[in-house]
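Quick note, the sequences are listed as chains A and B, same order.
At position 94 of the first sequence the residue is numbered 903 (the working numbering), and the sequence of numbers has no breaks.
At position 3 of the second sequence the residue is numbered 44 (the working numbering), and the sequence of numbers has no breaks.
Among the clues, some could well be false.
[Unchecked claim] Selected chain B positions facing chain A (Cβ under 7 Å, derived; list incomplete):
id, residue
1, 60
2, 94
3, 99
4, 107
In short, the hints are calculated from the structure, not lab data.
Here the structure is a predicted model, which is why all the values come from computation and not from measurement.
Backbone N, C-alpha and C define an ideal beta-carbon position, used for all residues, glycine too.
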Amino acid sequence: MLLKTKHFGEINIDETKIIDFKDGIPGFENLKRYVVLYDGDETSPFRWLQNVDDGQLAFAVVNPFLILKDYDIEIPGEAVEGLDIEKIEDVMVLSIVVVPEDISKMTMNLKAPVIINTKNNKGMQVVLDTDRYSVRHYIVEELRRQEVNAGACSDKKEK
Amino acid sequence: MQVLVLTRKKNESIIINDNIEITIVDVQGEQVRIGINAPKSVSIYRKEIFLEIQAENKKAAEVKNVDLKDLLK
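From just these sequences and the hints, can you work out the full model?
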């Protein structure tokens with residue numbers, strides 16, 4: 810199907826790739842079908858979560874594990890059941906990104922990740938039952954921290 | 042000082058100060074059972090996580106036409 814999108818112009822959506830968000834996502838409860846797209850660069854941790862019902866709605870999303878190396882979540886029972894998750898290998902986790910004018914201040918929502926069962930193309934946004942993660946986690950800052958940590962580790966090894 | 046009035050349903054939660062969780066455990070007529078998980082002494086403000094995520098999602102949806110490759114440089 811052809812879809813007029815905000816970021817890509819008119820594109821052809823492979824209908825077999827459409828992910829069903831039964832309850833939409835908070836704030837957009839009535840829009841239930843999405844696809845995950847990438848911008849030419851498959852190695853980037855970023856993707857678009859493009860709505861199929863409304864081409865103008867798309868979220869920048871990121872693979873949180875590629876930003877925060879020790880991001881550690883327990884998939885809530887409501888998602889395991891609601892998405893019929895059988896194997897952890899089938900699960901894709903994405904954090905929704907807020908990109909402000911100043912891109913260096915972009916944040917990702919680690920508290921409420923999007924969980925997708927790639928086996929049956931069902932998805933939902935969950936709220937983690939933890940106070941460890943914030944809805945606004947600064948991405949650039951986190952990457953700097955990880956670099957510093959990586960540097961500190963390699964220093965130790967050298968000694 | 043501010044006063045806030047929130048309506049909650051059974052099993053919905055309020056997150057406070059990122060380390061306090063208050064859950065409506067049960068509602069029986071006019072009686073509401075609330076579960077609170079919090080450090081003993083904290084500065085408290087009430088926040089509705091669902092509304093927060095909703096608002097965050099709305100903010101996220103305002104993303105301009107950026108090239109994802111440009112996001113990390």
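Results for each hint:
1. 60: 5 Å, holds
2. 94: 5 Å, holds
3. 99: Given a least distance of 5 Å, the restraint on residue 99 of chain B holds.
4. 107: With Cβ-Cβ at 6 Å, under 7 Å, it holds.
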